[in-house]
Amino acid sequence: MPMSEIIQSTEVRESIIYVRDLVKRFGRFVANDHLSFDVYKGEIFGFLGANGAGKTTAIRILCGLSTPTSGQINVAGYDAYLQTEKIKQNIGYMSQKFSLYEDLSVEENFTFYGGVYGLRRKQIKEKTTLLLTRLDLLDERKTVLKALPLGWKQKLAFCVAIMHDPKIVFLDEPTGGVDPITRRQFWDLIYEASHNGITVFVTTHYMDEAEYCERVTIMVDGRIDALDTPANLKLKYNASSMNEVFLRLARTAKATGE
Amino acid sequence: MELSVVVNDIHKAYGQVKALSGLSFEVKPGELFGFIGPDGAGKTTLFRILTTLLIPDVGYALVDGLDVVKDYKAIRKIVGYMPGRFSLYQDLTVEENLNFFAGIFKTTVKENYYLIEEIYKQIEPFKNRPAGKLSGGMKQKLALSCALIHKPKVLFLDEPTTGVDAVSRTEFWEMLKRLQQQDIAILVSTPYMDEASLCDRVALIQQGKLMDIDTPQAITNKLPGRMFAISSPAMYSMLLDLQQYSRAVSAYPFGDSVHLHVIDTSFTINDLEVYLTGKGQKGFKIKIIHAGIEDCFMYLMEKHHAHV
Amino acid sequence: MIILFGMPVVQVLLFGFAITTDIKDAQIAILDKSNDYMTHEITNKLLSSGYFILGANLDKDDQIDKAFKKGNIREAVIFEKNFAEKIETEKKASVQIIADASDPNMANLLFNYSQSILMDYQRQLYKDKKFPLQIQVETQMLYNPELKSVYMFVPGTITILLMLISAMMTSISIAKEKELGTMEVLLVSPLKPFQIVVGKVIPYVILSCINAIIILMLSFFVLGMPVQGSLIFLLAETVLFIFMSLSLGIFISTVSQTQQIAMMLSMFVLMLPTILLSGFIFPIENMPVVLQYFSMIMPSRWFIIIIKAIMLKGSGILFLWKETLILVGLTLFFITMSVKKFKVRLA
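Protein sequence lines correspond, in order, to chains A, B and C. Using our numbering, you'd call the opening residue of the first sequence number 1 and step up by one each time. Using our numbering, you'd call the opening residue of the second sequence number 1001 and step up by one each time. Using our numbering, you'd call the opening residue of the third sequence number 2001 and step up by one each time.
Since the hints were derived computationally from the structure, they do not count as laboratory data. Note that the structure is a prediction, hence the values are computed from the model and not measured. We put the CB at the ideal spot given by N, CA and C, even for glycine. Any given hint could be a false lead.
Unchecked claim - Simulated pairs of lysine-lysine, PhoX-like, Cα-Cα distance not exceeding 25 Å:
(1) C:Lys2343 <-> C:Lys2178
(2) B:Lys1028 <-> B:Lys1209
(3) B:Lys1110 <-> B:Lys1070
(4) B:Lys1106 <-> A:Lys97
(5) B:Lys1110 <-> A:Lys97
(6) C:Lys2340 <-> B:Lys1018
(7) C:Lys2176 <-> C:Lys2148
(8) B:Lys1285 <-> A:Lys234
(9) B:Lys1282 <-> A:Lys234
(10) B:Lys1106 <-> C:Lys2045
(11) B:Lys1153 <-> C:Lys2340
(12) B:Lys1028 <-> A:Lys153
(13) B:Lys1133 <-> B:Lys1153
(14) B:Lys1127 <-> A:Lys153
(15) C:Lys2178 <-> B:Lys1133
(16) A:Lys146 <-> C:Lys2178
(17) C:Lys2081 <-> B:Lys1070
(18) C:Lys2070 <-> B:Lys1018
(19) C:Lys2176 <-> B:Lys1070
(20) B:Lys1073 <-> C:Lys2045
(21) C:Lys2200 <-> C:Lys2178
(22) C:Lys2045 <-> B:Lys1077
(23) B:Lys1018 <-> A:Lys146
(24) B:Lys1073 <-> C:Lys2066
(25) B:Lys1151 <-> A:Lys234
(26) B:Lys1106 <-> C:Lys2070
(27) C:Lys2340 <-> B:Lys1077
(28) A:Lys142 <-> A:Lys97
(29) B:Lys1303 <-> A:Lys153
(30) A:Lys142 <-> B:Lys1018
(31) B:Lys1077 <-> C:Lys2081
(32) A:Lys236 <-> B:Lys1287
Unchecked claim - These stretches of chain B come out as covered by chain C in the derived footprint (C-beta under 8 Å, 3 or more residues):
(33) 1051-1059
(34) 1239-1253
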């Protein structure tokens, strides 16, 4: 469900992530094989691919957590080789595996991460109230995280990831294992964030969620095999759903067992 | 006919958290039975009780006529179990893993090879590779082979397709369907709603409670009212307008369309067209569709107030 | 929390009380061939000094060897015949002090203490009798005439190493299966707990035996440790100790939910007390009584006695049956407890 309907097609789009010929090698194994793509400001960009295709490796590089072997990479205006600290200050990150501290309360988690992101106490307070109200979880601010259901935790984790108004937020399989209603509420949050100017870079296993993105890329064996809007991809591969597009591309991948 | 699995009013709590609240159902031999529900629904707890790894607080369960608490030793000889996390020995090769599991069940790979032949053929080229170095899909096939090698009467597969790519997922279910012919009862749990249609019968579970249990067709048929799919070039604003539509029960995004659920019997498509045009929507398409499992799941969630 | 703060406190206390090189209540044997008032006075002095207690009262020379072999006597004091008479008529008499030098430091200390007590008595006599006399002291450092400290350290090191390899490694193995999730699958199978446990132990038995042989060979050829007793007996006892350590390791494993807990238990409950309380470095007699009783349940304590006895003193099963029986008992105890504690279900 692209937000691009609001953006006129004649507008020149600003590139907030710039990747040209990104290569990442681990010994002889090439995890990322000459990736090239742009992500535009305010876009919801979907990053799809099977496990082992190289998604996580690429995201780690974009987040400044890993150094590329070669290629030009610019994230939020900063170079991925030399300015990783600047990158980290300007992005948010959330994944299915990484979540908030289970033993701390909701409020404590916000305070902690707010501090990590360099927000002042007043800002943290405001943001916490604002975000919790938005989630209708204001009553739970003192609740310890492990007492909350998974769906709530994921939504809270997302809010924490954007509380410092980063330029880009990276979401790694954020809706894995979550019930279908909560999943959609999560995407409501994503839309709002995008509406507020945050660029969203999301990976997902759910092909219907691919449709919610403005543009998607599909990674296979370390390469980008497709990069376009969902509508265009369906036309190109003569498929009625993104699931079909994905299956078609994935099945033609080498069966290496890697 | 002897039932493969009988569950009667099972309750299980971990401290304050109630994992299972009064679950009851039956599974027949040769049935491919699916448990559909998100994380935290109670699927793993249920499977652990049925494979005798946990004792229920209240209620009883029988596997092949044997009680899960009293006759656990006998049950452990006749079930195949594939737990959520990969349960293979990462340092042993594919072949070694298979031989190991055959051995502990006092059988040989040869004896029941016909059961796993189709599955194993796909990973046989890698038989000397350590299991830890296999891709997700390959590990899954190996784990299934190891669970089948002793010809179990009942097979329990706990989220076997989680974290595995879409291609392997499809292949996996195809394999399961072929296994059914061997008269083995197969119980599978999964968070993926679309996999429900591949089962003979499914149980929709949310927060430890059974919301419905029937064939996928029957469940979707049971859904009151009608389901519409509306697509439009302006999807987001379309979604917002539909969510405000008072005559509908729900409006949820489903990929490139919005599913609108209407129970009101006097409702017509024309009414909807009028409403949308009135909101300034143009170029939209409305289709009547048959509800899917996911639609039903969400409807039931709202109905049971199981939604938080 | 308990582990984080309690352990160090316990260790410090252990350190404080156990580590002492002061002599106290060392057991000695007295062979009094004279049995006159002088030898009685000297004996009294020795025994009331606080350093020594009477371990055995011997009548014949050939009993000395046996007494040492048995293992509790640290020193034998032998008075020659007609001691008092010889002092009065010939102005000199001799006392023989034989010390068990398998712990050379102790032996030296004990000897020095003994000698100073004798000299003290000599001075006293001198004062009374008003003419020079002399108590000649002959010494013999038994089993370790050169007072090589390696004789003391190597047996202890062997014990510690075997315990480390066997117990620590096995303690992790079962906990690891639990952590990885393979335990779930093993449980849902016809395997009995006994089979699972034995299956985990056997590879380590083989590894430990190979290790033990290497260590013993190194001790013998490189470090110069003698093997006075039967080599076969030594190997047999070593294998027994290995089994004991393995069963202890398995026991720790069955009660640990994670590898981390298993490691910490091994570390704090096994290693450190073993080093401190087994008599490896610090003599047990010197410790407070409470710790002495505690060290009785330390299997390492018994094995060190066995190993020293076989290697340095050439003791055989007749002398070491008690210690061997204790090791066998401990092994059976841990195995039984492991099987009992082994959880057949996940919760």
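Hints versus structure:
Simply put, C:Lys2343 and C:Lys2178 have alpha-carbon atoms about 11 Å apart, close enough for the 25 Å limit, and the pair holds. Proposed proximity of B:Lys1028 and B:Lys1209 is supported: the alpha carbons are some 21 Å apart, at most 25 Å. Between the alpha carbons of B:Lys1110 and B:Lys1070 the distance comes to roughly 33 Å, so the proposed pair goes past 25 Å and is violated. Between B:Lys1106 and A:Lys97 the alpha-carbon distance is near 39 Å, which puts this suggested pair outside the 25 Å criterion.
As the CA atoms of B:Lys1110 and A:Lys97 are separated by approximately 40 Å, the hinted pair breaks the 25 Å bound. At most 25 Å may separate the alpha-carbon atoms for a hinted pair to count; C:Lys2340 and B:Lys1018 exceed this at roughly 30 Å. A hinted pair counts as satisfied when its Cα atoms are at most 25 Å apart, and C:Lys2176 with C:Lys2148 does not qualify at roughly 43 Å. The hinted pair formed by B:Lys1285 and A:Lys234 meets the criterion: a straight-line CA distance of about 18 Å does not exceed 25 Å.
Our distance criterion of 25 Å between C-alpha atoms is met by B:Lys1282 and A:Lys234, whose separation comes to about 22 Å. Annotation: proposed proximity of B:Lys1106 to C:Lys2045 is violated, straight-line Cα distance about 73 Å (limit 25 Å). Taking the CA atoms of B:Lys1153 and C:Lys2340, the gap is near 30 Å; set against the 25 Å cutoff, the hint is violated. Between B:Lys1028 and A:Lys153, the direct Cα distance comes to roughly 38 Å. Violation of the 25 Å bound is thereby established for this hinted pair.
Using a Cα cut-off of 25 Å, the hinted pair B:Lys1133 and B:Lys1153 is violated, with the two alpha carbons roughly 31 Å apart. With a C-alpha separation of about 41 Å, the suggested pairing of B:Lys1127 with A:Lys153 is violated against the 25 Å cut-off. Annotation: proposed proximity of C:Lys2178 to B:Lys1133 holds, straight-line Cα distance about 21 Å (limit 25 Å). For the suggested pair A:Lys146 and C:Lys2178, the alpha carbons sit about 23 Å apart, so the restraint of at most 25 Å is met.
Among the hinted pairs, C:Lys2081 with B:Lys1070 is inconsistent with the structure: their alpha-carbon atoms are about 79 Å apart, more than 25 Å. For the suggested pair C:Lys2070 and B:Lys1018, the alpha carbons sit about 63 Å apart, so the restraint of at most 25 Å is broken. With a C-alpha separation of about 28 Å, the suggested pair C:Lys2176 and B:Lys1070 falls outside the 25 Å cut-off, and the hint is violated. A C-alpha spacing of about 70 Å is found between B:Lys1073 and C:Lys2045, which places the hinted pair above 25 Å, so the restraint is violated.
Pair hint C:Lys2200 plus C:Lys2178 holds up; C-alpha atoms about 13 Å apart against a cutoff of 25 Å. Restraint check for C:Lys2045 and B:Lys1077: not satisfied, since their Cα atoms lie roughly 74 Å apart, outside the 25 Å limit. Taking the CA atoms of B:Lys1018 and A:Lys146, the gap is near 14 Å; set against the 25 Å cutoff, the hint holds. Note on B:Lys1073 and C:Lys2066: the hinted pairing is violated, with a Cα-Cα distance of about 56 Å set against a maximum of 25 Å.
Our distance criterion of 25 Å between C-alpha atoms is broken by B:Lys1151 and A:Lys234, whose separation comes to about 43 Å. Taking the CA atoms of B:Lys1106 and C:Lys2070, the gap is near 51 Å; set against the 25 Å cutoff, the hint is violated. Proximity of C:Lys2340 to B:Lys1077 is assessed by CA-CA distance (about 21 Å); at most 25 Å being required, the pair is judged to hold. For the given pair, A:Lys142 sits about 23 Å from A:Lys97 by alpha-carbon distance, which is consistent with the 25 Å threshold.
The straight-line distance between the Cα atoms of B:Lys1303 and A:Lys153 is roughly 23 Å, inside the 25 Å bound, and the hint therefore holds. Among the hinted pairs, A:Lys142 with B:Lys1018 is consistent with the structure: their alpha-carbon atoms are about 21 Å apart, no more than 25 Å. Our distance criterion of 25 Å between C-alpha atoms is broken by B:Lys1077 and C:Lys2081, whose separation comes to about 80 Å. Distance hint between A:Lys236 and B:Lys1287 is fulfilled; the C-alpha atoms sit about 24 Å from each other, no more than 25 Å.
Coverage of the stretch 1051-1059 of chain B by chain C holds in this model, with 5 residues showing a Cβ closer than 8 Å to a Cβ of that chain against a need of three. Counting residues of the stretch 1239-1253 of chain B whose beta carbon lies closer than 8 Å to any beta carbon of chain C gives 0, which falls short of the minimum of three for the stated coverage.
The structure shown violates the earlier hints numbered 3, 4, 5, 6, 7, 10, 11, 12, 13, 14, 17, 18, 19, 20, 22, 24, 25, 26, 31 and 34.
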